[in-house]
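Protein chains: 2
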Amino acid sequence: MLKAEIRIGLKKGVADPEGQNAKKALELLGYKNVNDVSAEKIFVVQLDMKDPAEAQKVVENMCQRLFANPVIHDYQISLQ
Amino acid sequence: MLKAEIRIGLKKGVADPEGQNAKKALELLGYKNVNDVSAEKIFVVQLDMKDPAEAQKVVENMCQRLFANPVIHDYQISLQ
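Protein sequences appear in the order of chains G and X. Residues 741 to 820 (our numbering) are what the first sequence spells out, left to right. Residues 741 to 820 (our numbering) are what the second sequence spells out, left to right.
There could be a bad hint or two in this list.
No copy labels: a pair is met if it fits in one copy or bridges any two.
Unchecked claim - Straight-line alpha carbon distances no greater than 25 Å define the calculated PhoX-like cross-link-like pairs of lysine-lysine that follow:
#1 781 with 751
#2 781 with 764
#3 781 with 752
#4 743 with 790
#5 781 with 797
#6 743 with 763
#7 763 with 781
#8 743 with 797
#9 797 with 763
#10 743 with 781
#11 751 with 790
#12 763 with 752
Since the hints were derived computationally from the structure, they do not count as laboratory data.
Just need the whole structure built from these sequences, with the hints factored in.
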């Protein structure tokens, strides 16, 4: 069994309202020294597969079809 | 400048509708071999601080006050 971690972030230049709101909230709570906050997403997929090379291809395909929007998202896959 | 990555996941036993819906969607798209999907969240906080020990304390405090709900969330902090 393999575990794939898919980390999905916004491409550079795409607005990140969730991160910006978190930054604002931290400032309102009195935290100084916060330069930037960005929000990302992780999907952990447990696969009933044994071959890492094949699993990598399958997960890549899942990202393109379901998890990531290629217009705004970058994604990284790490298999364990 | 330090970068803190805060990874927030659901505690064991807490329902994960986002992960379950992703699993269902993968099945509908024809992927077999998917045992489980879980969804997590990452906040990347850029801090204008130099002392990692102090930054760790500050970020820990941010998690307790803003990012994580202690009833349902577990969190991990990694500083870089």
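Of the numbered hints stated previously, which ones are contradicted by the structure, given in increasing order? 11
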